[in-house]
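Assemble the complex: chain Y is given as a structure, and chain B must be docked to it using the hints.
One-letter residues, chain by chain:
Protein chains: 2
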Amino acid sequence: MQSLQEMIEGIKAGEEKHIARAISLIENDRDKGFALLKELYGSAEISYLVGITGPPGSGKSTLTDKIVLHWRKQGLKVAIIAIDPTSQFSGGALLGDRIRMDNVAADKGVFIRSMGTRGTLGGLNPAIYDTVLLLSYAGYDYILIETVGVGQNEVDIVDLADTTLVVTVPEAGDDIQTFKAGLMEVGDIFVLNKSDRPSVIKMELTLEQMVRLTHKEGEKWTIPIVKTTATENKGIAELVEKINDHKEYLQNDGQLKENRHEVMRRQLINLMEERVLAKIIKPIENSEHFSEKLKAIRDLSEDPYTAAEELLKNRLPE
Amino acid sequence: MQSLQEMIEGIKAGEEKHIARAISLIENDRDKGFALLKELYGSAEISYLVGITGPPGSGKSTLTDKIVLHWRKQGLKVAIIAIDPTSQFSGGALLGDRIRMDNVAADKGVFIRSMGTRGTLGGLNPAIYDTVLLLSYAGYDYILIETVGVGQNEVDIVDLADTTLVVTVPEAGDDIQTFKAGLMEVGDIFVLNKSDRPSVIKMELTLEQMVRLTHKEGEKWTIPIVKTTATENKGIAELVEKINDHKEYLQNDGQLKENRHEVMRRQLINLMEERVLAKIIKPIENSEHFSEKLKAIRDLSEDPYTAAEELLKNRLPE
Numbered sequence: 189m190q191s192l193q194e195m196i197e198g199i200k201a202g203e204e205k206h207i208a209r210a211i212s213l214i215e216n217d218r219d220k221g222f223a224l225l226k227e228l229y230g231s232a233e234i235s236y237l238v239g240i241t242g243p244p245g246s247g248k249s250t251l252t253d254k255i256v257l258h259w260r261k262q263g264l265k266v267a268i269i270a271i272d273p274t275s276q277f278s279g280g281a282l283l284g285d286r287i288r289m290d291n292v293a294a295d296k297g298v299f300i301r302s303m304g305t306r307g308t309l310g311g312l313n314p315a316i317y318d319t320v321l322l323l324s325y326a327g328y329d330y331i332l333i334e335t336v337g338v339g340q341n342e343v344d345i346v347d348l349a350d351t352t353l354v355v356t357v358p359e360a361g362d363d364i365q366t367f368k369a370g371l372m373e374v375g376d377i378f379v380l381n382k383s384d385r386p387s388v389i390k391m392e393l394t395l396e397q398m399v400r401l402t403h404k405e406g407e408k409w410t411i412p413i414v415k416t417t418a419t420e421n422k423g424i425a426e427l428v429e430k431i432n433d434h435k436e437y438l439q440n441d442g443q444l445k446e447n448r449h450e451v452m453r454r455q456l457i458n459l460m461e462e463r464v465l466a467k468i469i470k471p472i473e474n475s476e477h478f479s480e481k482l483k484a485i486r487d488l489s490e491d492p493y494t495a496a497e498e499l500l501k502n503r504l505p506e
Numbered sequence: 189m190q191s192l193q194e195m196i197e198g199i200k201a202g203e204e205k206h207i208a209r210a211i212s213l214i215e216n217d218r219d220k221g222f223a224l225l226k227e228l229y230g231s232a233e234i235s236y237l238v239g240i241t242g243p244p245g246s247g248k249s250t251l252t253d254k255i256v257l258h259w260r261k262q263g264l265k266v267a268i269i270a271i272d273p274t275s276q277f278s279g280g281a282l283l284g285d286r287i288r289m290d291n292v293a294a295d296k297g298v299f300i301r302s303m304g305t306r307g308t309l310g311g312l313n314p315a316i317y318d319t320v321l322l323l324s325y326a327g328y329d330y331i332l333i334e335t336v337g338v339g340q341n342e343v344d345i346v347d348l349a350d351t352t353l354v355v356t357v358p359e360a361g362d363d364i365q366t367f368k369a370g371l372m373e374v375g376d377i378f379v380l381n382k383s384d385r386p387s388v389i390k391m392e393l394t395l396e397q398m399v400r401l402t403h404k405e406g407e408k409w410t411i412p413i414v415k416t417t418a419t420e421n422k423g424i425a426e427l428v429e430k431i432n433d434h435k436e437y438l439q440n441d442g443q444l445k446e447n448r449h450e451v452m453r454r455q456l457i458n459l460m461e462e463r464v465l466a467k468i469i470k471p472i473e474n475s476e477h478f479s480e481k482l483k484a485i486r487d488l489s490e491d492p493y494t495a496a497e498e499l500l501k502n503r504l505p506e
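For the protein sequence lines, the chains are Y and B, in the order given. Sequential numbering from 189 applies to the first sequence in my numbering. Sequential numbering from 189 applies to the second sequence in my numbering.
Same shape as in the complex, but just chain Y:
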């Protein structure tokens, strides 16, 4: 068993073995994870966060692969957090997907980790915030967070990112309607992947219209639409350039700082929620009183609203 100090040194030196162990600690033994992160806090700035989201089949993994390769050629270190929406179940779907990324998986300058959307207590998986901090201390220049986006939790996650890429494909057609509302709010760059397909023109017009309709007057950033064919590495250089443009825009506009502050605020609330649920709700759930109340609800002799109030009596302030 390695000491905390050894782990801290290993993380600061960017050793993958230590980073992977630290994330497991953060996920599975929260108190020990907190002890580690307390020691590391402030030892580096938060890395630049790039979110990538889009429906299944839009080619996100291949695109991620190519972007990462591009950055690697520039000598940048990259960490990928692949959010697995199914991880509370059989799991493994997205992890399997990652096998495709053979170009980057063996590269020492690239760290890949699959994480679940939610913590055991519900809500956004609190370990995601902690892992972003940890990877920042480990010296990665970019942290790329990849999600299959449509649910609220997924949108929340990419919303953490500084620059969010929303990936779609020409075939999406009517589907775009359903995604529209959520997508428009989180996307900083639209990526039209598989753009070698004939229906690309129609989709491009749709996206252009979406950008036009939602662009607010006075807003300095206009969402660019970048056409890519990730499998052939087409459009990747332009896409990386747009990410840089957006980064520069955020820095000049003071928004990067503001975004980081918002992430810190959310993490603090998330940490409090996690603690409160673990200290109050979990013990009640395992109590005799809870079983009795549940039985009363099932027998229709008590309603759940009254039961919840009574179970919490004397456990809440005033």
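It is worth saying that the hints were derived from the structure and are not from the lab. A portion of the hints provided could be inaccurate.
Here are the simulated DSS-like pairs of lysine-lysine, each with C-alpha atoms no more than 27 Å apart in a straight line [claimed, not checked]:
1. B:Lys200 x Y:Lys483
2. B:Lys470 x Y:Lys226
3. Y:Lys501 x B:Lys220
4. B:Lys501 x Y:Lys220
5. Y:Lys470 x B:Lys226
6. B:Lys501 x Y:Lys501
7. B:Lys467 x Y:Lys501
8. Y:Lys470 x B:Lys501
9. B:Lys501 x Y:Lys226
10. B:Lys470 x Y:Lys445
11. B:Lys481 x Y:Lys467
12. B:Lys483 x Y:Lys445
13. B:Lys470 x Y:Lys470
14. B:Lys483 x Y:Lys435
15. B:Lys483 x Y:Lys220
16. Y:Lys481 x B:Lys445
Derived list of chain Y stretches under chain B, where covered just means 3 residues or more per stretch with a C-beta under 8 Å from a C-beta of chain B [stated by the list, open to error]:
17. 224-237
18. 449-463
19. 481-487
20. 493-503
Idealized CB from N, CA, C, for every residue including glycine.
For chain B alone, coordinates are given in the frame of chain Y:
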């Protein structure tokens, strides 16, 4: 302003106007909503819950429309809860979708409501449980919960249902890989919609294999695959029959009761969580102390883990 008693009478009489108002109350004024539900508690059994989920573009709305029309011909009353994953944003995507359901929307025996995935405090929207109870008291025979399924919250919601339909289309192809893990756990019936397309055979084989691979020995229910072409009303009668088969299976096996008990347990926990977050976290979030701590985190003079502990000091048991 109508009295609580008037509203209760209206709901029991199945008057849409009162039901719609009651749901708005449940969503926007929790305490008043609880008062109403306390009065109604136990006045009827929970209606049979059917979940319907699948990727955008799989034709869920048309399918829902046709299933509902089929039930209506049998004289059954149906309520539809359309879960809108985007509702915290611009919203309206799914609601717009509902306009397509012109066949059922004007029907007095059908009630349609769009609801958000999450509550203001994060986690599964607690109003969904309450609305299911309310609609049960209002005398609907079936409650159909429709979600765009892929995120964990969406899976949680359909997991409430007694019978869950997972809809896919021949084109889904590789996408099915990503959905696979989550889908297999929640689906009771697989619906292969748009089955007039040529690639249907390949998809049917894939689904059959998924069913075979995950079927546990001794399990009495084997997931059926029903081919439909919802736009032409094809396969709907067979699908409704399979829903009935599954209902009968759950009733004979004692599982229907067990499922309801689990829903009650989750609702009780959800209600406690909601209360605890509202009574503890919200006041802290609005306090001076919170602003100070957040400033310290931003200045890197305090880590968020210590800050969360200190903010909660004297507010947690023992």
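The hints, checked one at a time:
Our distance criterion of 27 Å between C-alpha atoms is met by Lys200 of chain B and Lys483 of chain Y, whose separation comes to about 25 Å. For the suggested pair Lys470 of chain B and Lys226 of chain Y, the alpha carbons sit about 25 Å apart, so the restraint of at most 27 Å is met. A C-alpha spacing of about 20 Å is found between Lys501 of chain Y and Lys220 of chain B, which places the hinted pair at or below 27 Å, so the restraint holds. At roughly 20 Å between alpha-carbon atoms, Lys501 of chain B and Lys220 of chain Y fall within 27 Å of each other, so this suggested pair holds.
Annotation: proposed proximity of Lys470 of chain Y to Lys226 of chain B holds, straight-line Cα distance about 25 Å (limit 27 Å). Between Lys501 of chain B and Lys501 of chain Y the CA atoms are separated by roughly 19 Å; this keeps the pair inside 27 Å, and the hint holds. Between the alpha carbons of Lys467 of chain B and Lys501 of chain Y the distance comes to roughly 12 Å, so the proposed pair stays at or under 27 Å and holds. Distance hint between Lys470 of chain Y and Lys501 of chain B is fulfilled; the C-alpha atoms sit about 18 Å from each other, no more than 27 Å.
In summary, the hint linking Lys501 of chain B to Lys226 of chain Y is supported, as the alpha carbons are separated by about 18 Å, within the 27 Å threshold. Distance restraint check for Lys470 of chain B and Lys445 of chain Y: the Cα-Cα separation of roughly 25 Å lies within the 27 Å cut-off, and the hinted pair is therefore satisfied. As the CA atoms of Lys481 of chain B and Lys467 of chain Y are separated by approximately 21 Å, the hinted pair is consistent with the 27 Å bound. As the CA atoms of Lys483 of chain B and Lys445 of chain Y are separated by approximately 13 Å, the hinted pair is consistent with the 27 Å bound.
For the given pair, Lys470 of chain B sits about 20 Å from Lys470 of chain Y by alpha-carbon distance, which is consistent with the 27 Å threshold. Taking the CA atoms of Lys483 of chain B and Lys435 of chain Y, the gap is near 24 Å; set against the 27 Å cutoff, the hint holds. A distance of roughly 25 Å separates the Cα atoms of Lys483 of chain B and Lys220 of chain Y; the hinted pair therefore holds under the 27 Å criterion. At roughly 17 Å between alpha-carbon atoms, Lys481 of chain Y and Lys445 of chain B fall within 27 Å of each other, so this suggested pair holds.
With a threshold of 8 Å between beta carbons, the proposed coverage of the region 224-237 of chain Y by chain B holds, since 4 of its residues qualify and at least three are required. Coverage of the region 449-463 of chain Y by chain B holds. Counting CB-CB distances below 8 Å, 10 residues qualify, and the rule asks for three or more. Here's how the region 481-487 of chain Y fares: 4 of its residues keep a CB closer than 8 Å to some CB of chain B, so the rule of at least three is met and the hint holds. Given a C-beta distance limit of less than 8 Å, the hint that chain B covers the region 493-503 of chain Y holds, as 8 residues qualify and 3 suffice.
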